[in-house]
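K.L.:
Sequence order for the protein chains is A and B. Going letter by letter, the first sequence gives residues 1 to 239 in the numbering used here. Going letter by letter, the second sequence gives residues 1 to 207 in the numbering used here.
Any given hint could be a false lead.
[Claimed, not checked] Once the Cα atoms are required to be at most 30 Å apart in a straight line, the calculated DSSO-like pairs of lysine-lysine come out as: (1) A:125 to A:73; (2) B:136 to B:153; (3) A:73 to B:40; (4) A:125 to B:136; (5) B:160 to B:136; (6) B:136 to B:40; (7) B:136 to A:73; (8) A:158 to A:47; (9) A:47 to A:73; (10) B:40 to A:125; (11) A:238 to A:47; (12) A:98 to A:158.
It should be emphasised that the hints constitute simulated quantities derived from the structure, not laboratory data.
Each chain, written out:
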Amino acid sequence: MRLFRPQLPHRSPQDGGGGGAAEAALGPGAAPPASSETREGLAQFVKNLWAENPVFRALLGMCPTLAVTAAVKPALTMGLAATFVAICSNVLVSLIRKGLTPHLRILMFTLAISVFVTIADLFLKAFVPDMSEVLGPYVPLIIVNCMIIARAESWASKRPVFSSFLDGLGTGFGFTLAIVMLATIREILGAGTWFDVRVLPSWWVPWTIMKLPAGAFITLGFMLAMIIFYRNRAAARKN
Amino acid sequence: MRDFLRQSWLVLACAAFFGLLLAWTYASWEPRIEQNRLMKLRRGIRSILVDADSIRTDTLAVAEAGAAPLALYTGYGPGGELVGYVFRAEGTGFQDRIELLVGVGPALERFRGIAVLFAAETPGFGDAIRDSAIFKCQFVGAPTGQDLFVVKKPDSERPKTDDPEIVSITGATITSEAVTTIINRRFDQVQPLLERFITRRAAPEEG
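Construct all of the structure, not just a fragment, from the sequences and the given hints.
P.N.:
The following block contains the structure:
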């Protein structure tokens, strides 16, 4: 049996993530041309969706992943809120990156993230109050979501605005995709519905455990196992 | 001073900008958030006092020092007759606080029902206090003279609506008990105030 080895590109504070090769090719200190930055951002956007998915590959953002995936609607709302925060914080961090000093870095990231989380929370309370109530404290908790702070640190603080925007968009969409997949399984098995629409016959006995925290852990465990299994099999075939 | 400003200008500038941004956002959306809150309260009152044509709000002073005044919603029928009272009740549930609206009849002898304003109980279990008609209808007509209490019965046995027995939601006994405790405790606090309010209101009519 093959053991799982994360195949994420090496990320150090120096190379800032998946764009290390581009920087190396240009030489240290050289600013990459705009088109190459956009290409790099687009490549990272695509990677964040699946190959470097924050939930399935980096195992970040586990708190909302486990807590709000009992049904698809709250999961989608949480995913979109996190996407908004990831995009805005990435763009803002990228804008101020030249003024960032090492000892103020984390403070500035947290400050930026908390502002956009507060805006997202107020938006939900004003325009989607029922969903805001269902999500409860998990929207404010985006402030401490490692996924967002990690992208600000490893990507946005070293990249121009458009590239950081694409990275934030990819991270948010990747996160949304993962939690909606998880919520789909849990809602269908746990209630026989998807988006509150009945999809399983009336004789289906709902698996109540799927609505409980235990159901979240079990589903996530099975999904991770499946993803690793297929990834390893694909790698073995390639070899 | 110069060194301080050199090191912290970005934090100060960003903090000022973020503060303004949040103040503007809050000022823009707060009326809507407040409106949502009021609509939810109104819907809750209407779901209890279904036969009320108009609702009057009174604020009753509470004797205890530091206690918030009691907001009392009184429902009147089409002919101006009194149909019942609704007040808020709050307490701890299984996971978080539970905020309820509790309705009582005009003579304070029977409950008129409950509505949930806030609950964050376990989805699929305790969360059913919001929508389960079977659970909520048990409070309609339940006597106020004795404490409500929770019992466990099979789902096949339909709960009665005119006794203090509240059949718990399957898998959510703690939430069911929390709801009945909140109602019992709050009614004990509110009853003397309500009686005083009714007496005071009836006095000028008699005189």
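K.L.:
Confirm or reject each hint.
P.N.:
For each hint, the structure was consulted:
Proposed proximity of residue 125 (chain A) and residue 73 (chain A) is supported: the alpha carbons are some 16 Å apart, at most 30 Å. Using a Cα cut-off of 30 Å, the hinted pair residue 136 (chain B) and residue 153 (chain B) holds, with the two alpha carbons roughly 16 Å apart. Of the supplied pair hints, the one linking residue 73 (chain A) and residue 40 (chain B) holds, its CA atoms being roughly 21 Å apart against a limit of 30 Å. Distance hint between residue 125 (chain A) and residue 136 (chain B) is fulfilled; the C-alpha atoms sit about 26 Å from each other, no more than 30 Å.
Taken as a hint, the residue 160 (chain B) and residue 136 (chain B) pair is honoured in the structure, with Cα atoms around 11 Å apart against an allowance of 30 Å. As the CA atoms of residue 136 (chain B) and residue 40 (chain B) are separated by approximately 17 Å, the hinted pair is consistent with the 30 Å bound. Under the criterion of a C-alpha separation no larger than 30 Å, the hint pairing residue 136 (chain B) with residue 73 (chain A) is consistent with the structure, at around 25 Å. The hinted pair formed by residue 158 (chain A) and residue 47 (chain A) meets the criterion: a straight-line CA distance of about 18 Å does not exceed 30 Å.
Between residue 47 (chain A) and residue 73 (chain A), the direct Cα distance comes to roughly 25 Å. Compliance with the 30 Å bound is thereby established for this hinted pair. For the hint linking residue 40 (chain B) to residue 125 (chain A), the alpha-carbon distance of about 12 Å falls within 30 Å, and the restraint holds. The hinted pair formed by residue 238 (chain A) and residue 47 (chain A) meets the criterion: a straight-line CA distance of about 19 Å does not exceed 30 Å. Between the alpha carbons of residue 98 (chain A) and residue 158 (chain A) the distance comes to roughly 9 Å, so the proposed pair stays at or under 30 Å and holds.
Hint violations for this structure: none, all hints satisfied.
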